[in-house]
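Peer 1: Using the sequences plus the hints, can you model the full thing?
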Amino acid sequence: MIEIPPIDWSVVLQLCIIFGGATALLMADLFIPEVRRRVTGYLALAVLAAAAIAGVAPWGCRGHTFSGTIQIDSFSLVLNWIFMLGAAITIVLSFDYLPRHGINRGEYYVMILFAVGGMMLLAQGADLVVLFLGLELLSITLYALAGFAYPRTTSEEAAMKYLLIGAFATGFLVFGIALVYGATGATNLAQIGAVLAEGRIDGENRIYLMAGAAMTVIGLGYKISLVPFHMWTPDVYEGSPTPITAFMSVAGKAAAFAGMTRFLLTALETQREIWVPILAALAAITIVVGNLGALTQQNVKRMLAYSSIGQAGYILLGPLAASERGTEAMLYYLLAYTLTNLAAFGVLIALEARGEAAWNLSDLGGLWQRSPGLAIAMAIAMLSLAGVPPTAGFVAKFAVFTAAWQAGQAVLVFIGVIVSAIAAFYYLRVVAQIFMSEPTREVEISSDRVLAFGIGLSVIAIVLIGVLPARLLNLI
Amino acid sequence: MVPTFYYVLLSALLFCVGVTGVLIRRNALVVLMSVELMLNSANLALVAFAHARQDVTGQLLVFFVIVVAAAEVAVGLALLVTIFRTKQTTNIDDINVLKG
Amino acid sequence: MELIVFAVTAVIAIIGAVAMVASKNAVHSALFLLLNFGAIAVLYLLLRAPFLFATQLIIYAGAIIVLFLFVVMLLGAERHEDNRDRLAWQRPVALVMAGLLLAEVAYVVVALPAQAPVTTDEGFGAPEVIAEQLFTTFLLPFQVTAFIILAAIVGVVVLHMQEKRQV
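Protein chains in written order, with the working numbering: chain Z, 1 to 476; chain G, 1001 to 1100; chain D, 2001 to 2167.
A portion of the hints provided could be inaccurate.
To be verified - Here are some, though not all, of the chain Z residues that point toward chain D, as calculated from beta-carbon distances under 7 angstroms:
id: 1; residue: Pro5
id: 2; residue: Phe19
id: 3; residue: Gly20
id: 4; residue: Asp29
id: 5; residue: Phe114
id: 6; residue: Val129
id: 7; residue: Val130
id: 8; residue: Leu137
id: 9; residue: Ile140
id: 10; residue: Thr141
id: 11; residue: Ala144
id: 12; residue: Gln271
id: 13; residue: Val413
id: 14; residue: Phe414
id: 15; residue: Val417
What the hints assert, rightly or not - So the derived label-pair ranges between C-beta atoms look like this:
id: 16; chain 1: D; residue 1: Ala2126; chain 2: G; residue 2: Lys1087; range: 43 to 51 angstroms
id: 17; chain 1: D; residue 1: Phe2135; chain 2: Z; residue 2: Arg62; range: 21 to 29 angstroms
id: 18; chain 1: D; residue 1: Ile2014; chain 2: Z; residue 2: Phe453; range: 58 to 66 angstroms
id: 19; chain 1: G; residue 1: Leu1023; chain 2: D; residue 2: Ile2015; range: 16 to 24 angstroms
id: 20; chain 1: Z; residue 1: Ala197; chain 2: D; residue 2: Ile2014; range: 53 to 61 angstroms
id: 21; chain 1: D; residue 1: Leu2057; chain 2: Z; residue 2: Ala197; range: 56 to 64 angstroms
id: 22; chain 1: D; residue 1: Val2066; chain 2: Z; residue 2: Ser447; range: 45 to 53 angstroms
id: 23; chain 1: D; residue 1: Val2157; chain 2: Z; residue 2: Thr296; range: 37 to 45 angstroms
id: 24; chain 1: D; residue 1: Val2129; chain 2: Z; residue 2: Val417; range: 50 to 58 angstroms
id: 25; chain 1: Z; residue 1: Val467; chain 2: D; residue 2: Phe2135; range: 28 to 36 angstroms
id: 26; chain 1: Z; residue 1: Ile207; chain 2: D; residue 2: Ala2007; range: 44 to 52 angstroms
id: 27; chain 1: D; residue 1: Val2066; chain 2: Z; residue 2: Gly20; range: 30 to 38 angstroms
Derived by calculation from the structure, the hints in this document are not laboratory data.
Since this is a predicted model, take the numbers as computed values, not measurements.
Where a beta carbon is used, it is the ideal one built from N, C-alpha and C, also for glycine.
Peer 2: Next comes the structure, spelled out in structure tokens:
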């Protein structure tokens, strides 16, 4: 007879709500007729809201359960909220998109909930096994979601590319975990940290550990799309359905960052002098390559893909600082980036009519005359991505630069600031296009209220965070 | 008794063969197979470490990896079949509407 | 003796892997992969992991490879790269390797327990021990696998249903 150890349900309450809700929704969707498909979306939003509220009570608590494989602390709670916010806005942005593209299926919302569950496992996981499974749950749902827009071949291709690259990355991740386990004899992050702190790792185990840590970081680096593991990003982002691109670029990235931060700061805390220089180099090339790649793009969706690579480099400065402040800066950046990118992609969604994509820079021309609201939203999103005050993007960049500076990464901060100045060029080019040039061709603009509400909400949040940064920084 | 190091060496070799397969082959099916090979080599290393430490955790990890591999293959093959229906090819180079 | 078994199996595994990557025909690739999986299964036996030996054969060899073969044949993908039949030299080699693998399994199962047990702990790797760990320490990951499989099923079904709607 196997004794199941006692379980502290409060630690996994949010996960239970998400997974239970997703499963229930999958069945409930059967009874919802296609014309009323939005109901499924609203139910998914309700599940997300319930899970978000469930995160209020344990605020400030720390705990773990399930034999220490999962934990809860303010880090994971904030991340969970960011994931749920990202998912909720994605769902709002999809209401109009799905029927317009003939892919109005309830499973879409269920899959997004599953993805959120996977992300929460990455944020809360205290064991390499949980991190691995969370990442895979997230990836497998994203593969299917990327291929959701079946009639478009690009969507399938994007899904296939994403899957092949993702599976390749999984191979590295698993081998890395195997080697770390071989070196330390543990998969629990805290236990690995404890073994390493004792400093009994030598000889071949030392080699296993180094190789294992490197391969784990490579595996996660693919998901974050750090340079040089970023080649898939522009293609996959361009081909996937736009709301899913938005979701991938914000929530998926945030989740992989969560897992990486946990791994580096809990398990490899004592090996800091080895991984900090390597990651610093990665961050530097990521910032440079991502932003330079964006400079030449005429396709806004691809430009945003390269921009998201560059942003990942900035976010990496947070964990690199390896301090409380660095982690806070990372969370703050993730929040700002989530809102900003969702707003930017939201505008693209509004401009995207069925079978015809208005992703060219010239299609944005004269947006100001045609739809002032969208024009302002896009402009604010671009300014925030460029890091211009008083937007959330500015405060976020400021926070990560300060954290990195305090950790002695002066060169990195220097590179970051210079590249931001260069990057401002291509972000502002979009703004200039919106306000100063004439429309080249008529693009059908979506007039959906919910979509406008989603974009508006994100934009207001960007500005609010930008104006009142101190409040939020204190909260985190 | 065979030293654990030999097993790790073998699994590293197999892993490298798998990586090579992913990088040089253009048939998406064979690429997926190469990924399976990579996962298997990792499993072998895990079991070898579990044996060396007399700790069953490594074997459990293998169990989870197998589950994930099966799920990934299922989704991958489903995608391949849909792509093949539209494009009549499994060659990655023909999947080129999007350009890197 | 164990070292010899290991060496032979390792060579077979590497041959299987290299041939899988090098083979022009996707069907052959799948079969070489099967050879590799079989060899790894034998190594699991050597490493005192009988449960994983069975799982490896049932899931990988039994399910995944069959799935691969099925899709390859369904799509006719094997014809896309090379059509020449090069089985002539492969047939005897394949037979020899299959025979070797079988002999090794027989050897490990029959002869090894007679020798001094390598394990100090008798129950190491036994299904009971694995089950106990699965339902105690790794209960949460075990539950999560259920959702991974569910997500994969939903994904596959959605991909397929959209295809049907297009026709």
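Peer 1: Run every hint past the structure and note whether it holds.
Peer 2: Hint check results:
no.: 1; hint: Pro5; result: 6 angstroms, holds
no.: 2; hint: Phe19; result: 6 angstroms, holds
no.: 3; hint: Gly20; result: 11 angstroms, violated
no.: 4; hint: Asp29; result: 10 angstroms, violated
no.: 5; hint: Phe114; result: 5 angstroms, holds
no.: 6; hint: Val129; result: 5 angstroms, holds
no.: 7; hint: Val130; result: 6 angstroms, holds
no.: 8; hint: Leu137; result: 5 angstroms, holds
no.: 9; hint: Ile140; result: 5 angstroms, holds
no.: 10; hint: Thr141; result: 5 angstroms, holds
no.: 11; hint: Ala144; result: 3 angstroms, holds
no.: 12; hint: Gln271; result: 25 angstroms, violated
no.: 13; hint: Val413; result: 39 angstroms, violated
no.: 14; hint: Phe414; result: 43 angstroms, violated
no.: 15; hint: Val417; result: 42 angstroms, violated
no.: 16; hint: D/Ala2126 <-> G/Lys1087: 43 to 51 angstroms; result: 49 angstroms, holds
no.: 17; hint: D/Phe2135 <-> Z/Arg62: 21 to 29 angstroms; result: 26 angstroms, holds
no.: 18; hint: D/Ile2014 <-> Z/Phe453: 58 to 66 angstroms; result: 59 angstroms, holds
no.: 19; hint: G/Leu1023 <-> D/Ile2015: 16 to 24 angstroms; result: 20 angstroms, holds
no.: 20; hint: Z/Ala197 <-> D/Ile2014: 53 to 61 angstroms; result: 38 angstroms, violated
no.: 21; hint: D/Leu2057 <-> Z/Ala197: 56 to 64 angstroms; result: 41 angstroms, violated
no.: 22; hint: D/Val2066 <-> Z/Ser447: 45 to 53 angstroms; result: 51 angstroms, holds
no.: 23; hint: D/Val2157 <-> Z/Thr296: 37 to 45 angstroms; result: 41 angstroms, holds
no.: 24; hint: D/Val2129 <-> Z/Val417: 50 to 58 angstroms; result: 56 angstroms, holds
no.: 25; hint: Z/Val467 <-> D/Phe2135: 28 to 36 angstroms; result: 52 angstroms, violated
no.: 26; hint: Z/Ile207 <-> D/Ala2007: 44 to 52 angstroms; result: 23 angstroms, violated
no.: 27; hint: D/Val2066 <-> Z/Gly20: 30 to 38 angstroms; result: 34 angstroms, holds
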